[in-house]
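Taking the working numbering, the leading residue of the sequence shown gets 6, the next gets one more, and so forth.
Worth flagging that the hints you see were computed from the coordinates, not collected in a lab. Honestly, I wouldn't trust all of these hints.
Stated by the list, open to error - Label pairs and their calculated CB-CB ranges: (1) S129 <-> H219: 39 to 47 Å; (2) T198 <-> V25: 40 to 48 Å; (3) D83 <-> L117: 16 to 24 Å; (4) R46 <-> D83: 14 to 22 Å.
This structure is a prediction, so every number in the text was calculated from the model and none was measured. Just so it is clear, CB atoms sit at the ideal spot from N, CA and C, and this is done for glycine as well.
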Amino acid sequence: MGVHGYLALWYRVFGTVALVGYARSLAGTTRVQRAIRVMGRIEQVREPRHGSSRRDGISVVVSFQDPSTGREFTVTNDPDHGERITAAWTGREVGVRCPRGSPHAHEFVGDLSVGRRGLGWPNSAGFLIYVGVVVFAAIDRGRLWALIGFGGLWAVFGAWYLPENVREWSGRIDALSSRPGVRGRVIAVLTDTSTDEDGHTSTSHTPVVAFTTHESTAVTAYVHGGAFGATSPTRKVS
6 MGVHGYLALW YRVFGTVALV GYARSLAGTT RVQRAIRVMG RIEQVREPRH GSSRRDGISV
66 VVSFQDPSTG REFTVTNDPD HGERITAAWT GREVGVRCPR GSPHAHEFVG DLSVGRRGLG
126 WPNSAGFLIY VGVVVFAAID RGRLWALIGF GGLWAVFGAW YLPENVREWS GRIDALSSRP
186 GVRGRVIAVL TDTSTDEDGH TSTSHTPVVA FTTHESTAVT AYVHGGAFGA TSPTRKVS
């Protein structure tokens with residue numbers, strides 16, 4: 006099979022995946038479309054264990070109601086249950102997604118509106134078809150200018166998503182800057198070790214702080230960016 010044969014197979018496989026995925030999305034039969042999406046409430050926050058991994062997230066107990074049956078469920082956020090929680094307090098609302106009839110197969114999600122149409126797989130397949138077209142035009146046809154197509158795609162992506170993210174972060178910074186600080190305490194330091202492709206090992210440390218807001222809400226949260234340098238589980242911060 007020559008290059009053209011492999012390309013034809015590439016287009017057929019990913020074209021089929023894209024068409025089936027878009028058809029299922031239009032019919033409303035994808036897994037995420039059939040899932041139940043509700044807001045849960047944190048009932049209990051557990052103190053992280055010193056030396057554990059930040060990938061686990063802050064351990065919490067969450068309650069939510071199954072809208073199809075009206076039953077109340079209480080679950081925990083094990084590491085394989087969706088997005089990790091890096092800031093928690095009793096009463097905080099978190100998004101919960103689960104298959105109908107299987108509330109214990111739940112996932113925590115930061116934004117319930119994300120992924121409602123189930124277009125992840127078909128969009129990925131469509132992108133791979135686009136990659137095949139660009140590579141074929143650039144290499145087989147000798148039109149290297151076609152590689153500019155990658156830059157154009159990323160430019161569209163940035164123009165669509167970056168302004169929204171910038172506005173979101175600007176709003177958070179403004180809200181934080183307008184509030185007076187409070188005293189906190191480092192209650193644990195999480196440790197993660199990774200090895201790169203050259204065999205070099207690196208270790209990162211993530212402090213976890215506990216503090217009480219001016220509204221008397223007790224918060225447990227990760228500190229991102231290593232702003233405190235060396236830390237210990239009893240160090241006070243502000």
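Of the hints stated earlier, which fail here? Checked against the structure, no hint fails, so every one of them is satisfied.
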